[in-house]
Amino acid sequence: MLSEKQRLRLALRRGEVDRPPCICPGGMMNMVTHGVMQAANVFWPAAHTDPGLMAALSAAAHDTGCFENYGVPFCMTVEVENMGAKVDLGDAVHEPRVSGYVIESVSDWKRLPPMDCARGRAAVVLEAIRLLKARGSGVPITGNLTGPVSTASSLMEPTVFYKELRKKKQDAHDFMDFVSEQLLAFGLEQLKAGADVITISDPSGTGEILGPALFAEYAVPALNKITRGLRGAFPDAGLIVHICGQMRSVFKPLAGVDCQALSFDAEVSLREAKKNLPGKAIMGNVSTFALEFAEPDKIAAMTKLCVENGADIVSPACGMGTGSPLPNVQAILETLKTAVPIPIKAEAV
Amino acid sequence: MSEAEREILDDLARSVLDMDEDLAANAAQRAIDAGMDAQRAITEGLSRGMEAAGKKYEEEEYFVPELLLCSDAMYAGVEVLRPHIVHRGGGRGRAVVGVVSGDTHDIGKNLVKLFMEAAGFQVTDLGRDVPIEKFVEAVRDGAQYVCMSTLMTTTMPGMERVIQRLKEEGLRDRVKVIVGGAPISQAFANKIGADAYSASAPDAPAVLMRLSAIPA
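So the sequence lines, in the order shown, correspond to chains A and B.
The first sequence begins at 1 in the numbering used here and counts up by one.
The second sequence begins at 1001 in the numbering used here and counts up by one.
These aren't lab readings, by the way, just hints derived from the structure by calculation.
Quick caveat, the model's predicted, so the values are computed rather than measured.
Among the clues, some could well be false.
Using C-beta positions, here's what the derived DEER-type ranges look like [stated by the list, open to error]:
hint: 1; chain 1: B; residue 1: 1200; chain 2: A; residue 2: 104; range: 22 to 32 Å
hint: 2; chain 1: B; residue 1: 1206; chain 2: A; residue 2: 177; range: 20 to 30 Å
hint: 3; chain 1: A; residue 1: 167; chain 2: B; residue 2: 1055; range: 14 to 24 Å
hint: 4; chain 1: B; residue 1: 1134; chain 2: A; residue 2: 108; range: 28 to 38 Å
hint: 5; chain 1: A; residue 1: 275; chain 2: B; residue 2: 1211; range: 37 to 47 Å
hint: 6; chain 1: A; residue 1: 167; chain 2: B; residue 2: 1199; range: 24 to 34 Å
hint: 7; chain 1: A; residue 1: 177; chain 2: B; residue 2: 1200; range: 50 to 60 Å
hint: 8; chain 1: A; residue 1: 108; chain 2: B; residue 2: 1004; range: 21 to 31 Å
hint: 9; chain 1: A; residue 1: 169; chain 2: B; residue 2: 1056; range: 37 to 47 Å
hint: 10; chain 1: A; residue 1: 308; chain 2: B; residue 2: 1168; range: 21 to 31 Å
hint: 11; chain 1: B; residue 1: 1133; chain 2: A; residue 2: 86; range: 15 to 25 Å
hint: 12; chain 1: A; residue 1: 275; chain 2: B; residue 2: 1214; range: 38 to 48 Å
Covered stretches of chain A, going by a simulated chain B footprint (3 or more residues, C-beta under 8 Å) [claimed, not checked]:
hint: 13; segment: 119 to 131
hint: 14; segment: 163 to 170
hint: 15; segment: 250 to 261
hint: 16; segment: 311 to 323
Note that beta-carbon positions come from the ideal geometry of N, C-alpha and C, so glycine has one too.
Just need the whole structure built from these sequences, with the hints factored in.
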């Protein structure tokens, strides 16, 4: 039988697997719920700032039978905090969030300090990855990066940011280049620390918000700068990109994103995604709304539908709420293990 | 309507649709100089442009950056006209908008505010990450509509708590509660006892007007 690491590795490369793996990468795609916190007896917000607690909590999301990976951190504020944003770490229920911006305009980007991965919560994340690696459990570790548009629009007021993408193009491009370089540096450190996969989640850089033209002009090159840099240094690293929202208008530019797997929100038809994105593994997309508010049998049905529609990797569709009951979350993996008898055919090696 | 008036109103509408702040301010000044009623210049000029922009948004021709720039043009025109408005705007009622506690995603909320102001509502913006009691206080202070949004499932229960608190304070019957945001649905609105759900920002004013039987 395939190990969890082998199965994920094969699924990312669209090789032949016995069944799709079930992962939740971490970062914006947070893998931790209140049930997981109780099982580990480790709670937010303490786990956001302590590498031992962060590693233990992430491991609990695996060990309670929720997911077949470890994934840190549990939020999308690590990078911007390192570059000077004020962050409210939230509580046991609510995710950390940005409470103070650093710059007023894209033109001010030169005032931003480069990321220093040796300090703050960036260092906590790297140490947590090393601790998870040291477990020697063979569970794949997913490191995470906040996507370039989401990072940029968390360093300044997003309303101004979105307008300046049209009004101050040169400065906006320079700002995005700077942000992408910082994210690349943090991603490389995560791989060095032992991460097997890097997931980039860019909920603010969607086609729905930007439209296809600005998505192609800003989001795609910034994502590629990061993924190509990561692959250049770590050719074996798994690379997943998650984009929120409806995709129909941006399937074309999305096909140009250089990564192994693309992950989608619940409203995206995986069948349509597969058709439009040949050569990519498709990941998704069990509704996080259902995970929080429905029953396990509904989750089982949704999981089967994901597989039938061609999901190479099954995962929650977006950031999972901490109130999602454990039996709901466990139902995804349980269903994959027991109810999907048909092996997925390799389309290409 | 005279030819000259028609031209000014068309310029006002076009300035918003074309995201042209200079034209908006210029056409607004021409409206004042021509002795046009300032409220009329807003309703039949700038607001008409914003409605057209909302249509382009729903048809996926405009996206968030374009709408935000249209709104800048609209407010550039409103700034010039505001001192000349005889009767204060907000004739369609007083509303508060806000993103519920725990969530800071406010682009959608800002767009709701924009379309509601364009439609003639008097809107108070409570901002983002708004504590439950602030919504309750706003109703106590006379808000007729409470519009809440969130982008995250974690913070959805906050909407229900606002409604519960309004009931506890005996304020529920005074106010219409409208909810929206990516994870929100009509079913969720029904479940928590909201009066309505608005699927998109440009729809919000129409939803409010239907609730209160205000003629469009």
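Which numbered hints fail: 2, 7, 8, 9, 10, 13 and 15
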